[in-house]
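**Q** Taken in sequence, the protein lines are chains A, B, C and D. With the numbering used here as the guide, the letters of the first sequence map in order to residues 1 to 774. With the numbering used here as the guide, the letters of the second sequence map in order to residues 1 to 76. With the numbering used here as the guide, the letters of the third sequence map in order to residues 1 to 76. With the numbering used here as the guide, the letters of the fourth sequence map in order to residues 1 to 266.
Watch out, some of these pointers could steer you wrong.
Some residues of chain C that are not near chain B, with every Cβ distance over 12 Å (derived) [claimed, not checked]:
no.	residue
1	Lys-2
2	Val-5
3	Gly-12
4	Gly-46
5	Pro-64
6	Val-65
7	Arg-73
Cβ-Cβ distance ranges computed for the label pairs, FRET-style [unchecked claim]:
no.	chain 1	residue 1	chain 2	residue 2	range
8	A	Lys-229	C	Asp-76	50 to 56 Å
9	A	Pro-165	D	Gly-116	23 to 29 Å
10	D	Pro-201	A	Asp-658	33 to 39 Å
Since the hints were derived computationally from the structure, they do not count as laboratory data. This one's a predicted model, so the numbers in the text were calculated from it and none came from an experiment. For each residue, glycine too, the CB sits at the ideal point set by N, CA and C.
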Amino acid sequence: MVPLREASDEELAEISERRQLALNLEEMRAIQRYYRRLGREPTDVELETFAQTWSEHCVHKTFKGVISYEGEEIDGLLRSTIARVTRELSPEWCFSVFEDNAGIVDFEGDYAIAFKVETHNHPSAIEPFGGAATGVGGVIRDVLGVWGEPIANTDVLCFGPLDYPYEKLPRDVKHPRFIFTYVVAGIGSYGNNIGVPTVNGAIYFDEGYVGNPLVYCGTLGIVKKSKYKRSARPGDVLLLVGGRTGRDGIHGVTFASSELEEGAEETFGTAVQIGDPIEEEKIKRAILQVREEELGSAITDLGGGGLSSAVGEQAHRFGCGARVHLERVPLKYAGMKPWEIWISESQERMLLIVPPSNLERVLEIFAGEEVEATPIGELIPEPRLEVYYRGEKVAELDMDFLFSGLPRVKREARWSPPELEEPEFEMRDLGEELHRLLAMPNIASKEEVIRTYDHEVKAMTVLKPLQGVAWDGPGDAAVLKPLRNSWRGIAVSCGMNPLYGKIDPYWMAASAIDEAIRNNIAVGGRRIALLDNFCWGNPEKPENLGGLVRAAKACYDIALAYGTPFISGKDSLYNESPLGAVTPSLLISALGIVEDVRRAVSMDFKERGNYIYLLGETKPELGGSHYYKLRGFLGTSVPGVEPSRARRTFEALTRAIDLGLVKACHDLSEGGLGVALAEMCFSGGVGAELCLEAVPVSQEMRADFILFSESNSRFLVEVEPENAGQFEALMKHVRFARVGETSGGELVVSYRGEELLREDIGELKRSWQRGVAL
Amino acid sequence: MKWEVRIAYKRGVQDPEGETTLQALKMLGFEKVERVSTAKLFIIEGECSREEVERMCRRLLANPVSQDYEIRRLAD
Amino acid sequence: MKWEVRIAYKRGVQDPEGETTLQALKMLGFEKVERVSTAKLFIIEGECSREEVERMCRRLLANPVSQDYEIRRLAD
Amino acid sequence: MRLAELRVLVLRSQGTNCDAETAHSIRETGAGAEVVHVNKLLRGRRSLEEFHALVLPGGFSYGDRIRSGAVLAKLLASRLRRELQSFVEEGKPVLGICNGFQVLIETGLLPFGEVGEPMLALAKNASARFEARWVHLLRGAATPFTEKLPRVSRMPVANAEGRVVLPLGREQRLLEELEENNQIPLRYCSPQGALAHGEYPLNPSGSFADIAAIATPEGNVMGMMPHPERAFHRYMYPDWTRNGAQGKGDGYRIFQGMLEYAAGRL
Ligand SMILES: Nc1ncnc2c1ncn2[C@@H]1O[C@H](COP(=O)(O)OP(=O)(O)O)[C@@H](O)[C@H]1O
Ligand SMILES: [Mg+2]
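Bound conformation, chain A alone:
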């Protein structure tokens, strides 16, 4: 028993602190009132249950709380922005959104696709190999947790500069190179071992990630709608399957909801885990068999909060209660306290709910795969969570209070534009600038990393991350063919622009959405669904939250205008280190449908003598661009998004692709026109001649700005001359122009008759490939 009823505010705060509950005073007071009403003291198991269930990680207090922003009361940021897009669009092809571990959209016939992206930032900062590996393992379990068969992984990684000086590192902060090396190894190791291809991702480098590296892990899976069971009832057995429970991962969620302070290694050392992909592979086989035979009535993964969250949430979902006997949980070693068993976050475990009549067969399936499966309790009709240990009741909680007693957080949000200036500088030799841009770590080839990931296991990866004549060009999106007997495919892409956020998070978010979508469109994707992943600093600081609110508002505005619903997402707040808050980062992942994978388009130029078209308008938008960064500036002219015009471009391009008119297509992103064009050239082994004056611009612009502006919603397209008429007719309502032709072995750019740049494409490729070495 923990004496709480008589505790003063100071004592409440002290209890929360000492037990690492990460509950604030108001929450502690709500708990205190509850026990005063009950007329008893809480047990440690109960307190821990609150700490887990009410953690930022599990309930997204900030995203669901009340935020006051510029005189406006935002009643639930998630509900009023991200989820609202989906509500207002309510497409009939969304099978399950925001309620499950993963979002699910229709695919073909009975098949649907699940997609989830998670972050594993804190663990990766401390134990990069294990942190990244368990990030992959965790998100794969999210897909298993919707009865999905995992078919592909994605990973987006953010690190400090690899040449960061050691002397500048605070104690306990690991060098970006160390983190990079081991994060990549961890992702590869887990994905390769479990046999799920890693097909799409990105890597960003920025000073803001030195203390706060970001590791986003995504998994896609195939769901059979008719076998998607969510029908648990009182009397059904709670079956814990997978690895044994140990002390590892204890307080992982409270850890994730706290700032990384000095000494975090000691405090949270137990939060570190390495993971065992083979165990998860066995679990996967068994679960898919249980699915095929329709033996389960519900399923969920054990993630943050361990059993305490999983059991409670499942019971809550089915409007009943649960009874659990903790001594039945198989342990790695003796001596664990009941509360430790209850909240342990040991990896590779899942919770199945099984009607008693099916239990025997389910146990047989798990035994067949050499996986431990243990009934640990059952659902009960009373809305109570009862936990026993060796016959003694160690917790009894009211489901209602547990799930609705959390005081809503109220937060202040503020945002004021940073004081920045548009730089003035002279144009230098554009050939050299192009080489240097291509070698910038954010733009340079990630081939060394990508090749350590198996991206083809399962033989479904039709459009691979690396494309072109030498199989090494940077693709815009991966295309998968999940069913052996259907040509229908899915396109997976992402978008992220941390640099823009330093100017305005609104346009950062808008740009990320635009980028994720245009990457998807570029390969032939359509009917696009989005996922959002916010990584931000402490939301209790109004300036941090202000940026977050702006980004969320952009998500609403832009995604709605594009008609692209959000189906899932996640936020990771409190990314703070001794070096300060993380660079606010919003990852947008996109999932599109490709009607026939044989029509998918890669980004490499195919042949000499074809026309090159540029779709979309180029504006003097270089704020946050890599060209500015190269010259040491940030600027203010962050790229905007004009959804109605962009949508016309997207739709026209999709039609052109469907008609087979597009030989190659690449979106313009970091480094703008110059970089995209160079990439298409060296990937295809085909040169190009470009006339800059032909580029459709919004106003008179300098040549270097035309070449390196990062305006959104633009594509380069290769079209055979005989199809030019048909292609141009399709583009009637789109701002576009023919800007050049594919040619020999050089990239030549001229402006009003003057040659600005003439570079050998092999040399350009070498610059690009020098950028990031593993």
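Go by the hints and put chains B, C and D with the ligands onto chain A.
**A** Just chains B, C and D with the ligands now, with coordinates in the frame of chain A:
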């Protein structure tokens, strides 16, 4: 000089390789084995001081959060 | 009883991990390192004789073509 | 026997992860394929004898712990020795892909078809990394598996331990013997078909003498590092957007060769 660095996961951190090895040994008929754990060695040669080897461990070879390392000087 | 089995690539068989570790250490500024090689340890506990551990090595733990093994008894 | 009557065993254990696409490939080639867990064989619930061919697919059997393929191989060699040996001696085809190749080497079945101590090793790639990339393969000795391949074929590798190592001091002699016996069906080469000569990444693992596959002298057992099931259709190729998505790929020919051989001898 020749140094031997031995790196092992801390107690409490899973050692799947040790566990699989144990299972495999049993399946092959070595019934009496009770526990297997694994570790990794780096043998480092060169004119380095113990402090330098320490630093190598902390910067590259080991992660002190999850792993223990032990440094031993070997005869040349 | 507690045995330590040390498995390493035979001399003459390339040890890629040792080589990349050497490069990485040099990149990190440890210029004086001249050679790095690696090995793996299995710590085996149970009532087994040295002969049995020998047999484990030959039957499972080492590939005789590429690897050498060394067995050492540890204090319990 | 007709292809459709053939029953192929695709053997899996914990950590095998290429069994589904491998079985698909066999079925699409026209034969029957069944994925069976090794425990079923070990417990006598299923038997090798039921099948006309055996495929050991890729993946990470037992997590590749200790050494790639070692645990599964030692289980097979110690507990199914006789069945396996007679399967091979009857001339039934056995194909090991990637991890399966490692298993075949560790059982001793490669190179000379005898279950026993390994005579070869597959060691860590010279790059010390997992390597996922497409390679070019030069067809060498004729085996049932490779006879339908063009002189230069393409398939992807994806492994961390793919470097063939021959016993020290006896490399040249053994190599000559393997060559004389027609035991090296595939080698890494350039797109034009010139041997890789160890050059990275043409030979992605640093494999001795560019060896990508090894067969027994009889030719009915072959292990290969590349994954034919991932090169089964043209649309799986990394550059099909340049050269077309229609038709079967080189991987198909491996399965076709194996199955036609099995059908022919029954
Ligand atoms: N960490 C990563 N994991 C997997 N794939 C990656 C990773 N980083 C980049 N890629 C892949 O490389 C290709 C190019 O990515 P990127 O360099 O971000 O290109 P771009 O910005 O031009 O779209 C894409 O297919 C992407 O999925
Ligand atoms: Mg792109």
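**Q** Does each hint hold? Answer for all of them.
**A** Here is what the structure says about each hint:
| no. | hint | verdict |
| --- | --- | --- |
| 1 | Lys-2 | violated (9 Å) |
| 2 | Val-5 | violated (9 Å) |
| 3 | Gly-12 | holds (16 Å) |
| 4 | Gly-46 | violated (4 Å) |
| 5 | Pro-64 | holds (16 Å) |
| 6 | Val-65 | holds (20 Å) |
| 7 | Arg-73 | holds (15 Å) |
| 8 | A:Lys-229 x C:Asp-76: 50 to 56 Å | holds (52 Å) |
| 9 | A:Pro-165 x D:Gly-116: 23 to 29 Å | violated (56 Å) |
| 10 | D:Pro-201 x A:Asp-658: 33 to 39 Å | holds (36 Å) |
Hint compliance for this structure: hints 1, 2, 4 and 9 are broken, all remaining hints hold.
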